Amino acid sequence: MTSKAATTRVIINKIPVDLPIYLDLKTTHSIAQEIEASMKAFEEEHRFVDTQLFAILTAFEYAVQKHKSEAKQEHDIQALIRELDAIATRLTELEERFHIAPLPDEEQR
Numbered sequence: 020m021t022s023k024a025a026t027t028r029v030i031i032n033k034i035p036v037d038l039p040i041y042l043d044l045k046t047t048h049s050i051a052q053e054i055e056a057s058m059k060a061f062e063e064e065h066r067f068v069d070t071q072l073f074a075i076l077t078a079f080e081y082a083v084q085k086h087k088s089e090a091k092q093e094h095d096i097q098a099l100i101r102e103l104d105a106i107a108t109r110l111t112e113l114e115e116r117f118h119i120a121p122l123p124d125e126e127q128r
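Those letters in the sequence shown? Residues 20 to 128, per our numbering, in order.
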């Protein structure tokens, strides 16, 4: 017997859709609202609704957002590494300046 992922029913552009719950109900409904807003903006921009074009543009938009998010995350990680390296360097300088040595028990570890 296979277990089905928990779902929630939402209305997107007047269409009832059962979506798998992502994180929690609030997040899932928020994402559904983003999709509906995106669809409404698309409909306002175009005089007709081409569902295939809409699907492509939506997928592209989300792929761009994912790429931007990944690039920002990588930038943040690199900045954190630089900061941690600076802290480690400063600690080493302080050890040397104040002649701090490990305790004999710590040297054996």
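Among these hints, one or two may not hold up.
Calculated cross-link-like contacts (lysine-lysine; reagent style DSS-like; alpha-carbon spacing at most 30 Å) [unchecked claim]:
1) K87 <-> K45
2) K45 <-> K85
3) K91 <-> K33
I should point out that these hints are in silico values taken from the structure, not numbers from a laboratory. Please read all numbers here as calculations on a predicted model, not as lab measurements.
(request) Give me the numbers of the hints this structure contradicts, sorted from smallest to largest. (result) Violated hint (a single one): 3; every other hint is consistent with the structure.
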